[in-house]
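J.: Sequence:
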Amino acid sequence: YRTLGLKPKCTAEDIKKAYREKARVLHPDFGGDPSAWQKLLKSYEILSEPESRKMYDEHG
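Everything in the sequence shown is counted per the numbering used here, starting at -3 for the first residue and increasing by one.
Certain hints may be false.
As the list claims (entries may be wrong) - In silico DSSO-like cross-links for lysine-lysine, where the CA-CA straight-line distance does not exceed 30 Å:
no., residue 1, residue 2
1, Lys50, Lys18
2, Lys3, Lys18
3, Lys3, Lys35
Hints were generated in silico from the structure; no laboratory data involved. In this text the structure is predicted, and so the values were computed from the model without any measurement.
With the sequences and hints as input, model every part of the structure.
T.: Here's what the structure looks like:
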């Protein structure tokens, strides 16, 4: 959640919006840091899928 600047009670739409905003800044094609981009991708991958988000919320 921290990577996307969100709180655990955020909605799926909040996650999508935050990802898009951060992607514009962090994407390597636009001068962003590749490691920060990878962290953003992994965070979005986990939080955008309901099952993986539930698992993350329960186990960290």
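J.: Each hint: holds or not?
T.: Structure-based check of each hint:
Taking the CA atoms of Lys50 and Lys18, the gap is near 23 Å; set against the 30 Å cutoff, the hint holds. Taking the CA atoms of Lys3 and Lys18, the gap is near 15 Å; set against the 30 Å cutoff, the hint holds. For the given pair, Lys3 sits about 17 Å from Lys35 by alpha-carbon distance, which is consistent with the 30 Å threshold.
When the structure is compared with the earlier hints, no violation turns up for any of them.
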